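Undergrad: What follows is the residue order along each chain.
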Amino acid sequence: MKSLSEITDFYYTNLHPVLKELEKRRENVKSRILMVFGVVLLMDFMVFSYAKNHLDWLFFTNVAILGFAYKFLKQDYTKEFKDRVIKPLISAIDENLNYSKDEHVQEFKFISSQLFATTPDRLEGNDYISGDVDGVGIELSDIHAQKRHLDSKGKESWSTIFKGLFIICEFNKKFSARTLVLPDVAQSSFGDLVGGWFQSHNSARGELVKMDNPEFEKKFVVYGSDQIEARYILTHSLMKRLLEFRKKSSKNIHVSFIYSHIYIAIDYGRDLFEPSVFKSLLDYKVAMDYVHTLYLAIGIVEELKLNEKLWSKI
Amino acid sequence: MSVGFIVVIVIVIIVVLMYNSLISKKNQVQNIFASVDTILKKRYNLIPNLVSSVQEYMKHEKSILEDVTKLRSMANKPNLSDEQKIELDAKVSSALRSIMVAVENYPNLKANENVMHLQRTLNEIEEQISAARRAYNQAVTDYNNAIEMFPTNFMASMMHYRAKKVFEIQEAQRKNIDVKELFDK
Chain A
3 MKSLSEITDF
13 YYTNLHPVLK
23 ELEKRRENVK
33 SRILMVFGVV
43 LLMDFMVFSY
53 AKNHLDWLFF
63 TNVAILGFAY
73 KFLKQDYTKE
83 FKDRVIKPLI
93 SAIDENLNYS
103 KDEHVQEFKF
113 ISSQLFATTP
123 DRLEGNDYIS
133 GDVDGVGIEL
143 SDIHAQKRHL
153 DSKGKESWST
163 IFKGLFIICE
173 FNKKFSARTL
183 VLPDVAQSSF
193 GDLVGGWFQS
203 HNSARGELVK
213 MDNPEFEKKF
223 VVYGSDQIEA
233 RYILTHSLMK
243 RLLEFRKKSS
253 KNIHVSFIYS
263 HIYIAIDYGR
273 DLFEPSVFKS
283 LLDYKVAMDY
293 VHTLYLAIGI
303 VEELKLNEKL
313 WSKI
Chain B
309 MSVGFIVVIV
319 IVIIVVLMYN
329 SLISKKNQVQ
339 NIFASVDTIL
349 KKRYNLIPNL
359 VSSVQEYMKH
369 EKSILEDVTK
379 LRSMANKPNL
389 SDEQKIELDA
399 KVSSALRSIM
409 VAVENYPNLK
419 ANENVMHLQR
429 TLNEIEEQIS
439 AARRAYNQAV
449 TDYNNAIEMF
459 PTNFMASMMH
469 YRAKKVFEIQ
479 EAQRKNIDVK
489 ELFDK
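For the record, the sequence lines run as chains A and B. Numbered according to our numbering, the first sequence spans residues 3 to 316. Numbered according to our numbering, the second sequence spans residues 309 to 493.
Some clues are possibly wrong.
In the SDA-like style, the derived pairs of lysine to any residue whose C-alpha atoms are separated by at most 20 Å in a straight line are [unchecked claim]:
1. A:K103 x A:A289
2. A:K175 x B:N357
3. A:K212 x B:E435
4. A:K220 x B:D450
5. A:K176 x B:S343
6. A:K212 x B:M457
7. B:K350 x B:Q338
8. A:K4 x A:N100
9. A:K175 x B:T429
10. A:K212 x B:N453
11. A:K175 x B:I347
12. A:K175 x B:I433
13. B:K350 x B:V423
14. A:K212 x B:K473
15. A:K307 x B:F475
16. A:K26 x A:L75
17. A:K73 x A:L36
18. B:K349 x B:F475
19. A:K307 x B:N431
20. A:K212 x A:S239
21. A:K212 x B:N335
22. A:K221 x A:Y270
23. A:K32 x A:K76
24. A:K175 x B:M457
25. A:K157 x A:D58
If you want a taste of the chain B side facing chain A, the calculated C-beta under 10 Å gives, among others [as the list claims (entries may be wrong)]:
26. I347
27. S438
28. A439
29. R441
30. Y444
31. N445
32. Q446
33. A447
34. T449
35. D450
36. N452
I should point out that these hints are in silico values taken from the structure, not numbers from a laboratory. Remember, predicted model here, so these are calculated numbers, not experimental data. Each residue gets a CB set at the ideal place from its N, CA and C atoms; glycine is no exception.
If we strip away everything but chain B, and leave its shape as in the complex, we get (with noise of 0.2 Å):
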């Protein structure tokens, strides 16, 4: 067997695991988004509900109220990208938490107990969802690395790959954040 041949053999085998391995992050990103995508639309569908049991109480909160409801209507459209729903997710997390920190100014819908239970599930479902924006942004540091690294780069631009979005975990989360102005921008 010639030197060549073997160089050969090698070579491609060196493609074939070189393509496997970016299919394979490619898929990890898409699975891990099925997942992300599937808790957020958990926490989209207690929208309607929550709406309906502060409405009655919150008259000068009315503009948030509808927004959210706003916000739910355009996270269940088809056919939306990847893009677009991590920028929905992030203006729906703010809307319900200045919804949340609203709360607190009425006390009877505090001690309301369908409210105190949709707190409880939205909490839940909150904690549930930043694990799940944790793996997603794991999945795509993984692959946006595979695909700007060397070797796996040009087979990566052969494959017209792109690099993704993370979803940005903002300091700004942490505060209570005014959602009137983030609309009114």
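Only chain A is shown next, with the shape it has when bound in the complex (with noise of 0.2 Å):
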């Protein structure tokens, strides 16, 4: 795996001629996506007069026509951006990843993870990447699961679960009970003694274990099905390192360890990877979105230490 300021190198110099190219499309993309916006605007005024009594009505109707010609003339542009841009830097960061953009990782694994206490009703995702980091088997891409509800006259709504990058690795350790990670958000809302109260009453989740490291308990909250296990995995070096990386996220994170793998659902509340529209793919910032998120994902094995092969799995 290449260092983060190879992968920044690699993206300004050797992506570069792509990059401007596909700074035209953009400037394009833009434009039509403005005058859509001019039209719809002018339509507006137009019958303003009209649908004065119907004001909620024409603003559904407005977000309804920008997001349809936003997601439709984007469309080939961000084919051409994954393909020419996200795929060579995947490959970039290590050549034995591979890439594709519109699977994403299965429904079963995200469920089998049990990160979540409620299944979802429909699963999206995109930006797929496998393979092997250092000899560690890991996949990861954007899921969005929401779920479905329905009112008592039958109208349907949809909530969102989890949206943001999903990773699965293996783990450098056997194990047969369930760990989950969790954000600590009783405790940082409530407080020790009424949180602490909600978090040992969760039963459904497992026994909470209680960490022996004071920062990681205020971030997260423990729940297992084994206590001794619970700690054989989570040494103090990987509460460490898992603090570290909620820290680089900036995001929260939830972790479950099942099955000898390790589960990490980064909570990034959008779709990642996708081209900037409105902002020039050349900028500075833009382009480290880009790059951190991935080397981020991607850079988890080395993060955590997964590639140390302990004696239990020689």
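Both chains are sitting in their own frames, so use the hints and assemble them into the complex.
TA: In structure tokens form, the structure reads like this:
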């Protein structure tokens, strides 16, 4: 696996001709989108006097037209961006990785992670990366898992269970129990006393496992089916590394250890690796968003030292 | 229903809850100690094999090997208290570590497949023991807190519950202890 600065170099030097070409397409897409926006605005003016009493209806039509146009106009540009920028970027990070822009981590794997208490009714995703890094099997993708709700009138609505990056890696220890490491929502919102009581009574998730690292305990709550095995997995050094990883991603992370695999869900709340439309692809911030996120996700193997083979797995 | 009756019921419920929570904490300590014990035994069972594999080479470290064997037979005695087991574990841990350090001085031994395998198994068991110790310490801390904190402390003293000892994860464990010095004390 190459270093972060090497990858940044690769983005700006090797990919530069492609990026310049894509920049033209981006400008084109952007002006078309703005044109559609202008037309919609004009239409709004024209129909305003008739639609005065139906402003909510007007608003939703606008959103629908703009959303559809945005997606439609961006389609080809997105495809090209992923094939010519994201794919080479991933191969540059590690040549043993495969990329498929339309696939995602399979639904049964998402469910078997047991990270989320609700089973999704709809699961979408893209940007599937798989392969091995330093001999450790890894797969990851964007995932959007949703739950379907019906109100008393039979009206359907959808809520998000999880939207972000979902990573699965082989873990370097054998274990048979289940251990969940979740963001500590209860303790941080209700304080130690009440929050702690809530945590210890969340029996659906398993037995509460109190860890001997105060900082870790503040950020996470651990549930497990075996008190000893949970600590066998979460050594002092792994707890430190998970804290470090959380800090780097600056997002909420959910981690589970099941069937000798580690499952990590990073709550980005958006679709990653999509081409930027309103900002230049050569913009440092935009570039770093792609490079950093990819590096953070694929770098999990080194970050958590999953490539250090332990005795039990030799 | 009189107010007095309600108060009595509430008090009874509180007493039952306190009693049950103390019992469950005590049982948790016992359960986890049972697992600790199982893993410790796994390590004790490795000792004869280890000693027989290395004694041919380790002429200078004969006393460490004898000590380790002695500790093993002590650990196998029935009716040991939890405290005694904890103490023995600490001694065995340092003795085994010194043997492993000594192995480094014998290139023939280091390359020996049997010794390498033993070393791997020991390392793995050490990790498991360390996890078990941490789990035990947490259970004991919860238990000790309950018997010292108000209001469960009254009930605990009526039930004759005493504070328990935790495994000390000594800083010294990270260093290489001279086991001879430990026994000459």
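Undergrad: What's the verdict on K175 of chain A and T429 of chain B, does the C-alpha distance respect the 20 Å limit or exceed it?
TA: holds, 13 Å
Undergrad: For the pair supplied as a hint, K175 of chain A and M457 of chain B, is the alpha-carbon distance within the 20 Å limit?
TA: With a Cα-Cα distance of about 38 Å, the restraint between K175 of chain A and M457 of chain B is violated, given a limit of 20 Å.
Undergrad: Go through the hint on N452 of chain B and say holds or violated, using the shortest Cβ distance to chain A against 10 Å.
TA: violated, 14 Å
Undergrad: Could you check if T449 of chain B really has its C-beta closer than 10 Å to a C-beta on chain A?
TA: Constraint on T449 of chain B satisfied, holds at 8 Å.
Undergrad: Starting from K212 of chain A, check that the Cα of K473 of chain B is at most 20 Å away, please.
TA: Since the Cα atoms of K212 of chain A and K473 of chain B sit roughly 18 Å apart, the hinted pair holds (cutoff 20 Å).
Undergrad: Please verify whether K26 of chain A and L75 of chain A have alpha carbons no more than 20 Å apart.
TA: holds, 14 Å
Undergrad: Sort out whether K76 of chain A lies within 20 Å of K32 of chain A, counting only the CA atoms.
TA: holds, 9 Å
Undergrad: Hey, K73 of chain A versus L36 of chain A, does the alpha-carbon distance stay inside 20 Å?
TA: Roughly 13 Å separates the two Cα atoms, so the pair holds.
Undergrad: Please work out if K175 of chain A and N357 of chain B have their alpha carbons no farther apart than 20 Å.
TA: violated, 25 Å
Undergrad: When you check the alpha-carbon spacing of K212 of chain A and N453 of chain B, does it fall within 20 Å?
TA: With a Cα-Cα distance of about 14 Å, the restraint between K212 of chain A and N453 of chain B holds, given a limit of 20 Å.
Undergrad: Hey, does the Q446 of chain B contact hint survive, CB to chain A under 10 Å?
TA: Result: holds, 5 Å to nearest chain A Cβ.
Undergrad: Within a Cα-Cα threshold of 20 Å, do K212 of chain A and M457 of chain B meet the stated pairing?
TA: holds, 19 Å
Consistency note: the structure conflicts with the earlier hints numbered 2, 15, 24 and 36.
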